[in-house]
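K.L.:
Quick note, the sequences are listed as chains S and D, same order. The first sequence begins at 2 in our numbering and counts up one residue at a time. The second sequence begins at 0 in our numbering and counts up one residue at a time.
Hints should not be assumed to be uniformly reliable.
Claimed, not checked - Chain D regions said to be covered by chain S (calculated; three or more residues, Cβ under 8 Å):
no., stretch
1, 37-51
2, 160-174
3, 183-190
4, 200-206
5, 303-312
6, 317-326
Hints in this document: simulated from the structure, not taken from any laboratory. A virtual CB, placed ideally from N, CA and C, is assigned to each residue, including glycine.
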Amino acid sequence: MPIITYRQALNDTLGEELARDPNVLLMGEEIGVFQGSYRITEGLLQEFGPKRVVDTPIAEEGFVGVAIGAAMLGLRPVVEIMTINFVLVAIDQVVNHASKIHYMFGGQVRVPLVIRTPSGGTGQLGATHSQSFENWFAYCPGLKVVAPATPYDAKGLMRAAIRDNDPVIFIESLALYDTKGEVPEDDDFVVPIGLAEVKRKGSDVTVVSYSRMTAVALQVAQRMESEGISVEVVDLRSLRPLDRPTIMASVKKTNRAVVIAEDWYSYGVTAEIAASIQEEAFDYLDAPVQRVAGIEVPLPYAKDLSAASKPSANSLIYAIRQVLKGSRGR
Amino acid sequence: MTRVEEPVRTDLAAENADELRHYYYQMLLLRRFEERTSEMYVKAKIGGYCHLNLGEEATIVGLMAALKPEDYIFTNYREHGYILARGVAPGPVMAELFGRETGVSGGRGGSMHLFDAKANFMGGYAIVGGQVPLAVGAAYALRYQGRPGVVVAQMGDGTTNIGAFYESLNLAKLWKCPVLFFIVNNGFGMGTSVAMGSSETELWRKGASFRIHGEQVDGTDVLAVRDAVRRLRTRAEAEGEPALLDLVSFRFRGHSVIDADRYRDPEQVRKGRETNDPVRNFAALLHDHGIADDEWLKSTAIRVDREVQEAIDFANASPDPKGEDLFTYMYATPVPNTPGPEEAARAVQINRGEL
Ligand SMILES: Cc1ncc(C[n+]2csc(CCOP(=O)(O)OP(=O)(O)O)c2C)c(N)n1
Chain S
2 MPIITYRQAL NDTLGEELAR DPNVLLMGEE IGVFQGSYRI TEGLLQEFGP
52 KRVVDTPIAE EGFVGVAIGA AMLGLRPVVE IMTINFVLVA IDQVVNHASK
102 IHYMFGGQVR VPLVIRTPSG GTGQLGATHS QSFENWFAYC PGLKVVAPAT
152 PYDAKGLMRA AIRDNDPVIF IESLALYDTK GEVPEDDDFV VPIGLAEVKR
202 KGSDVTVVSY SRMTAVALQV AQRMESEGIS VEVVDLRSLR PLDRPTIMAS
252 VKKTNRAVVI AEDWYSYGVT AEIAASIQEE AFDYLDAPVQ RVAGIEVPLP
302 YAKDLSAASK PSANSLIYAI RQVLKGSRGR
Chain D
0 MTRVEEPVRT DLAAENADEL RHYYYQMLLL RRFEERTSEM YVKAKIGGYC
50 HLNLGEEATI VGLMAALKPE DYIFTNYREH GYILARGVAP GPVMAELFGR
100 ETGVSGGRGG SMHLFDAKAN FMGGYAIVGG QVPLAVGAAY ALRYQGRPGV
150 VVAQMGDGTT NIGAFYESLN LAKLWKCPVL FFIVNNGFGM GTSVAMGSSE
200 TELWRKGASF RIHGEQVDGT DVLAVRDAVR RLRTRAEAEG EPALLDLVSF
250 RFRGHSVIDA DRYRDPEQVR KGRETNDPVR NFAALLHDHG IADDEWLKST
300 AIRVDREVQE AIDFANASPD PKGEDLFTYM YATPVPNTPG PEEAARAVQI
350 NRGEL
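Please build the complete structure, drawing on both the sequences and the hints.
P.N.:
Below, the structure written as C-alpha cells:
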C-alpha cells in the first residue's frame, strides 16, 4: 500500500468521488482559487472546473442551507467549513434542518450531504479558533459524525460519507494533515460509518480516543511499553453512531479505561463514553474510569496557558498511571 | 438616499500643520509596527493567526482623527493599527501579540483579540461578522442611556456577505442606533475578490434596502476619510442616523502573515503597492506643501523606529501570565465550587509532566 499524508488521502478521495459521480460537488470558502485554506482541495478547481468546485462568499448559514436544499434534489454536496468554529454560524441549518428532514417527513426525502471541517487546535490559535464542537453534532440524532485519525481512515470514511444518504459531519484536524500512513488503492475500499477499531492491542488499560487524540494515545502507548505497561487503544472513528460493543469488549478485557478527547470536560465526549462504560462494564472495572479533556476556559492565547488547557501526552500518561493505581477522580 | 459623495479635495492651507504631521507620524507608526510584527512572527515570538494593516494606514488614522473620546470602536481581527491610532501605547499592544501578562488583553487574547476599555476600544473579533451586531448593541446602549457618542463597526469587504451584517443594518436603522458601518474595502477577503463574493460590488450601496446612507471614500487619503467620518458621525450622533462607509484601499500582502498571496499577480501587487501607498503619498504631499521637510521626515522615521523597538523590548521583558491564573477571568460574578488557582497550577504541572 502506498504511504501518503492525511491531506493527500482526502484530496485523492475528493477527486475520485468527483470523477465517479457527477452529482458530487464541493462547496466552501477559499476551496478553489485559493486552493483551500489547508490545501485539502488543492488542484481540484483546475481539474474539475467551477461547476464542481464552488467558491462561496463568507456566508456559512446561506451556503450550508443551499447545500442541504440541493441534496434534497439529489446532489451530493461536500461542504468545507474552514474550521469548526465557523460552523456555529450555520448550526441552525444543520441541527434544525439537515438532521430532521429524512425522519420528520416520513422518509420521503434524503439529505446526502457531507460537511467536512477541522476541529480542535494546537499552538496558540486562541479562544475563537481552537474549539472542538463535534460533541454538539454527535448529540443530535439524525446526523452521523465521523473523525478519522489516520490517512487510511480518512480515505475510507470520506468515501463512505460521500456515498452515504444521510448528513455526515466529517471531523478533521489541522495537526493530522501532514501525518503519513498506508492507504489502500482498491476502488471499493471504504471504512464503514459506525465502527470503532482497536488501533493497538494491549492488556493493562484501554485508552478510548478519536482523531488527533488517537495519534497522541498511540505515541503514549509506545512510550509506556518500555515501562512494561501494555496500553490498548480503541479509536472511535465514528462518534455517532457510537460503537459501544467495541469499547466494551476492550474494557472487559483490560478492566481499566481512560477516555481522552480535546473538547471541554463537562458534557463532552469523554463524559458519554465514561457513562456508557459504567453502565455496560461496571462489574469488569478494577478502577474508576479516568477522563482527560480540555480545561474549561476560553482557550487563552499565551503559550503556557494555552498548552496547559489542552489534553496532551503528559496528561494522558498521568491519567493512565492514576487508573493503574486505582485512584479516583481527576 | 444613497449616493457617492464627490471627493472633496481638502485645502491643505486651511489645515493645522501640526495635526497633519501627527497623522503622518501615526501612519508611519502603524507601518513600522506591522513590519516589525511580521518579523516577530517569523521569529516565533508571536503565534496563532496574525493579520496586518499594511496599506490601510490612512483609513485607520483618518477614522481615529474624526472620532471623539466618547465614541466606541468594534473591529475585526485585523486591528493592530486601530488600537494604536486610538492612542494606546505600542508596548502593551506588542506585549499582547507576544502573549504577555502586560498585554492589552492580559495575554489572553492575542493578535486577533485586542481590547482597551480605557480607550473605548471594544475589541477585535475573529468570527467574521461577529463584531457587527455587537457594535449596533453598543450604539443602542448609548441611545438608551442618553449618552453622547457613536459606535464604529469596522469590517472587511468580505464580511458584507454574511447574514449578521444585514440583520445589523436593519436593526440599526429600525432602532435609530448611532453606528457607522466602516467597511475596509481592500479588494479581498483571503483569496476572494469583491466581485467573486458580492453580487453588488459597489459596497457603499449595500445599505440601500435598509434606507441607510452610504458613501465610497478613498481609503488611502487620510483627510478624505477623516472628513467623511466627521460628517457622518455628527449626523449619527444628532439624529440616530446610521451610515455606511466603503473605504477603498489596497492590501499590501497576503491575508495573514503566513499567506503567500499566490492567487494575486505579483506584478499587479507590486504596482498596487507603488500607487496606493498611503504613507509615502502623504509624505510627498506634506513635503510638496512645505509642511514637512526632509529633516523632519527623517527624524520622524527615527522616532518611530525607536518607539517600535521599545515596544518590542517591553514585550520581551514582560512576564508570561502565571499558570495559577488560568481561571482568573472566568466569571465576572464568582461562583462557589469552581476551579481556582490550585486546580490551575495542577493542570499546568500535569501538562508539563511534573506530576
Ligand atoms: C464565520 C467565519 N467564517 C470564516 C472565517 C475565516 N476567515 C477569516 S478572515 C476571512 C476573510 C475576511 O475578509 P474581509 O472581511 O474582507 O476582511 P479582511 O481580512 O480583508 O480584513 C475569512 C474567510 C471566519 N473567521 N469566520
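K.L.:
List in ascending order the numbers of the hints, as given earlier, that are violated by the structure.
P.N.:
Of the numbered hints, 4 and 5 do not hold.
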